Amino acid sequence: MQAYNLSHLSELESEAIYVLREVAAQFENPVLLFSGGKDSITCAHLARKAFWPAKIPFTFMHVDTGHNFPETIEFRDYYLNKLGVNLIVSSVQDCINQGLVIEEKGFNASRNALQTVALLKGVEENKFDAAIGGARRDEEKARAKERFFSHRDDFGQWDPKNQRPELWNIFNGKKNLGESFRIFPISNWTEMDIWQYILKEKIELPSLYFSHERECFIREGVVMSTGEHVPQRPEEATAKMSVRFRTIGDMTCTGAVYSDADSLEKIIEEVASTRVTERGTRSDDKRSEAAMEDRKKQGYF
Amino acid sequence: MNKDPYLDMELLRFSTAGSVDDGKSTLIGRMLYDSKSIFEDQYEAIEKTSRKKGDEQVNLALLTDGLRAEREQGITIDVAYRYFATPKRKFIIADTPGHIQYTRNMVTGASTSNLSIILVDARKGIIEQTYRHTFISSLLGIPHVVFCINKMDLVDYDETIFYQIKKDIEAFSSKLNVRDIHFIPISALNGDNVVNKSTKMDWYQGGTLLYLLENIHIGSDHNHIDCRFPVQYVIRPQSTEFPDYRGYAGRIAGGVFKPGDEIAALPSGFTSKIKSIDTADGELKEAFAPQSVTITLEDEIDISRGDMIVRINNQPKVSQDLDIMVCWMSDKPLIKGGKYALIHTTNEARCIIKEVKYKVNINTLHREESDHNIGMNDIGRISIRTTKPLFFDSYQKNRNTGSLILIDEGTHETVGACMIID
Numbered sequence: 001m002q003a004y005n006l007s008h009l010s011e012l013e014s015e016a017i018y019v020l021r022e023v024a025a026q027f028e029n030p031v032l033l034f035s036g037g038k039d040s041i042t043c044a045h046l047a048r049k050a051f052w053p054a055k056i057p058f059t060f061m062h063v064d065t066g067h068n069f070p071e072t073i074e075f076r077d078y079y080l081n082k083l084g085v086n087l088i089v090s091s092v093q094d095c096i097n098q099g100l101v102i103e104e105k106g107f108n109a110s111r112n113a114l115q116t117v118a119l120l121k122g123v124e125e126n127k128f129d130a131a132i133g134g135a136r137r138d139e140e141k142a143r144a145k146e147r148f149f150s151h152r153d154d155f156g157q158w159d160p161k162n163q164r165p166e167l168w169n170i171f172n173g174k175k176n177l178g179e180s181f182r183i184f185p186i187s188n189w190t191e192m193d194i195w196q197y198i199l200k201e202k203i204e205l206p207s208l209y210f211s212h213e214r215e216c217f218i219r220e221g222v223v224m225s226t227g228e229h230v231p232q233r234p235e236e237a238t239a240k241m242s243v244r245f246r247t248i249g250d251m252t253c254t255g256a257v258y259s260d261a262d263s264l265e266k267i268i269e270e271v272a273s274t275r276v277t278e279r280g281t282r283s284d285d286k287r288s289e290a291a292m293e294d295r296k297k298q299g300y301f
Numbered sequence: 001m002n003k004d005p006y007l008d009m010e011l012l013r014f015s016t017a018g019s020v021d022d023g024k025s026t027l028i029g030r031m032l033y034d035s036k037s038i039f040e041d042q043y044e045a046i047e048k049t050s051r052k053k054g055d056e057q058v059n060l061a062l063l064t065d066g067l068r069a070e071r072e073q074g075i076t077i078d079v080a081y082r083y084f085a086t087p088k089r090k091f092i093i094a095d096t097p098g099h100i101q102y103t104r105n106m107v108t109g110a111s112t113s114n115l116s117i118i119l120v121d122a123r124k125g126i127i128e129q130t131y132r133h134t135f136i137s138s139l140l141g142i143p144h145v146v147f148c149i150n151k152m153d154l155v156d157y158d159e160t161i162f163y164q165i166k167k168d169i170e171a172f173s174s175k176l177n178v179r180d181i182h183f184i185p186i187s188a189l190n191g192d193n194v195v196n197k198s199t200k201m202d203w204y205q206g207g208t209l210l211y212l213l214e215n216i217h218i219g220s221d222h223n224h225i226d227c228r229f230p231v232q233y234v235i236r237p238q239s240t241e242f243p244d245y246r247g248y249a250g251r252i253a254g255g256v257f258k259p260g261d262e263i264a265a266l267p268s269g270f271t272s273k274i275k276s277i278d279t280a281d282g283e284l285k286e287a288f289a290p291q292s293v294t295i296t297l298e299d300e301i302d303i304s305r306g307d308m309i310v311r312i313n314n315q316p317k318v319s320q321d322l323d324i325m326v327c328w329m330s331d332k333p334l335i336k337g338g339k340y341a342l343i344h345t346t347n348e349a350r351c352i353i354k355e356v357k358y359k360v361n362i363n364t365l366h367r368e369e370s371d372h373n374i375g376m377n378d379i380g381r382i383s384i385r386t387t388k389p390l391f392f393d394s395y396q397k398n399r400n401t402g403s404l405i406l407i408d409e410g411t412h413e414t415v416g417a418c419m420i421i422d
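Which chain is which? The protein sequence lines are A and B, in order.
Residue numbers for the first sequence follow the numbering used here, beginning at 1 and rising by one.
Residue numbers for the second sequence follow the numbering used here, beginning at 1 and rising by one.
Okay, chain A solo, but in the shape it has when bound (with noise of 0.2 Å):
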């Protein structure tokens, strides 16, 4: 029977499709929530391959902090184009200059948490019944708790100690009126797994995983890159550093890290060998134990 054995990336793959699919099958509205990292292009690449020969049946939303690498943004505009797909951007710009938020001050501000609330907006705005995601379980510690197909109230709020029970490969996403669901196919993919698949699949990334030449400034022995959005204090001195990135969020508070790694086989070995969790160049994950916790609670994906 060694021959109907699957390797663990073509299981995961296979999960993570059958997940797609029962989105599709199950709500009327799905959105895929599309950040231009490494985890949601790896969704939209299951997307595409769960409902091929057809097109995408999912909307595409980024909520858009207003404080990406340009990079990022560039990449996400080429990529869904090539895609083929619709995209919706839901501005926290926008939010915060419709007063529904007030943004942080100081050096380590962060638009992190006003996530929340654009996301929440473009749910209600346009009546997604459903948010696809690309959290994964080992990213954190709130996450690993994590259903697949994770219910919402109608404040989108998550309540960690009164979830669904999720058995089998059964999905329930029957809700009420005004309920949502987040869905997270990948859940089960570690970073590494992440890494091998898009090296298996030849998956287009943004440059900025690439080990590239930077201006950067150390701040609380974090890398952080020079940019339109990123105060700085006059005693961090800028210089040029060879970099890449691990993850990607806002240029605000994403750190990156010193390496050589300029293809995908050196990431590979640079991840299996690195000491240190892909969130722990994060800042707004340190903040506190719960930081995570607290902000999933209040809708955050």
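Mixed in with the good hints, there may be bad ones.
[To be verified] DSBU-like cross-link-like pairs, simulated, lysine-lysine; straight-line CA separation at most 35 Å:
#1 B:K258 <-> A:K200
#2 B:K339 <-> A:K200
#3 A:K49 <-> B:K273
#4 A:K55 <-> B:K275
#5 A:K175 <-> B:K339
[Stated by the list, open to error] Partial list, derived from the structure: chain B residues whose beta carbon lies under 7 Å from chain A:
#6 D78
#7 Y81
#8 P87
#9 K88
#10 K90
#11 I92
#12 F183
#13 W203
#14 H224
#15 D226
#16 R251
#17 Q291
#18 S292
#19 M329
#20 S403
#21 T414
[What the hints assert, rightly or not] Label pairs and their calculated CB-CB ranges:
#22 B:P243 <-> A:S273: 30 to 40 Å
#23 B:K275 <-> A:G99: 32 to 42 Å
#24 B:I301 <-> A:N126: 32 to 42 Å
#25 A:K266 <-> B:D156: 35 to 45 Å
#26 B:T160 <-> A:D153: 53 to 63 Å
#27 B:Q238 <-> A:L100: 34 to 44 Å
#28 A:L100 <-> B:K339: 55 to 65 Å
#29 B:K339 <-> A:S273: 51 to 61 Å
#30 A:E220 <-> B:T49: 15 to 25 Å
#31 B:K53 <-> A:A239: 58 to 68 Å
#32 B:I352 <-> A:G99: 25 to 35 Å
#33 A:G221 <-> B:R350: 37 to 47 Å
#34 B:S383 <-> A:G99: 32 to 42 Å
Read the hints as simulated data drawn from the structure, not as lab findings.
What you are looking at is a predicted structure, and each value in this text was computed from that prediction instead of being measured.
Ideal Cβ placement from N, Cα and C applies to all residues, glycine included.
Chain B: place on chain A using the hints.
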């Protein structure tokens, strides 16, 4: 291209069960730590917390407790999923809490597992929970069960204690449906026989826990005999390139499908032949569980979501009356004569609870024929009648086509996990 040692590994999903203070979180922490799957920033974070709480050693259990309430109360509330890999295999751990809503959580974690680890405290031997955990593993049809006799350090690594517990467990587990059973003496706290072989138990000749997890044969865990393909979604591009394409997308629930196979579509009973098995990467010569594929047929017959494609000469049972074991997962008890929604494979229906036959006392494994109250965390045998025929196998034969969930029609909560007996 470089030959990457991680590219072609098998995936093993296992769940862990233990009672309060059995050292389950410590065991998982130990496995992650000794297999070098813990990152420095994770370790620093728990080191800091341990120091703050005044613990002597770094408390590895903190690695697995993700929610604020869990860390505050020092307990695990919900199933947590953990990941690690060795050069041989990739592992997914469903870490299920031992006390609060134990049955509900353990059943959830067990439902997707190939293997279950049950912890037994060497000082206490078999306790009620051991029966309960073993019974649930057997009920959920987990192919492999590993008993870790933990805290051997607290009984001077005494072999007579280990063998006595092993004998006691074998005595009752022989009455259950456990296919493959293993025993390992360990100390999760000190790391004996978890990843590294213990130097204090020369009398134990077997492998360490990690060795077992890396080498146990899981190739036969899926059913590759009875062909079952629940149709999940119909793919119709209606594009200029594919004007007439009509493919049935789904995940194979059992058996091996090949182009040219003669098939029947249920419930209609119409027959046809498989024209192709498609994926975005090209056509396949054969497909098996748990692959997600798209099947096209030679003839245009009416098939939609919830239907099932099977081989003509090997068909599942078709009935509206089912006998099932149910594990109840809601505060609101099961209502005899009550109506529930149900999902079985990709099929949805409604059902009425016709009869409660008995409740299982999961601590003694006795059938309580006179107790018909099925509440939260209870397991019982019931019969239901569905609004339309289901196509199913017994759970023993196929975990995909033999399982279903019951849903409260008012709240839409999942309230029952069901295993079909007949």
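Going down the list of hints, with the structure as the test:
no. : hint                          : in the structure
1   : B:K258 <-> A:K200             : holds (25 Å)
2   : B:K339 <-> A:K200             : violated (48 Å)
3   : A:K49 <-> B:K273              : holds (24 Å)
4   : A:K55 <-> B:K275              : holds (22 Å)
5   : A:K175 <-> B:K339             : holds (17 Å)
6   : D78                           : holds (5 Å)
7   : Y81                           : holds (5 Å)
8   : P87                           : violated (10 Å)
9   : K88                           : violated (11 Å)
10  : K90                           : holds (4 Å)
11  : I92                           : holds (6 Å)
12  : F183                          : violated (26 Å)
13  : W203                          : violated (34 Å)
14  : H224                          : holds (5 Å)
15  : D226                          : violated (13 Å)
16  : R251                          : holds (5 Å)
17  : Q291                          : holds (5 Å)
18  : S292                          : holds (4 Å)
19  : M329                          : holds (5 Å)
20  : S403                          : holds (5 Å)
21  : T414                          : holds (5 Å)
22  : B:P243 <-> A:S273: 30 to 40 Å : violated (51 Å)
23  : B:K275 <-> A:G99: 32 to 42 Å  : violated (59 Å)
24  : B:I301 <-> A:N126: 32 to 42 Å : holds (37 Å)
25  : A:K266 <-> B:D156: 35 to 45 Å : violated (51 Å)
26  : B:T160 <-> A:D153: 53 to 63 Å : holds (56 Å)
27  : B:Q238 <-> A:L100: 34 to 44 Å : holds (41 Å)
28  : A:L100 <-> B:K339: 55 to 65 Å : violated (43 Å)
29  : B:K339 <-> A:S273: 51 to 61 Å : holds (57 Å)
30  : A:E220 <-> B:T49: 15 to 25 Å  : holds (20 Å)
31  : B:K53 <-> A:A239: 58 to 68 Å  : violated (41 Å)
32  : B:I352 <-> A:G99: 25 to 35 Å  : violated (53 Å)
33  : A:G221 <-> B:R350: 37 to 47 Å : violated (58 Å)
34  : B:S383 <-> A:G99: 32 to 42 Å  : violated (59 Å)
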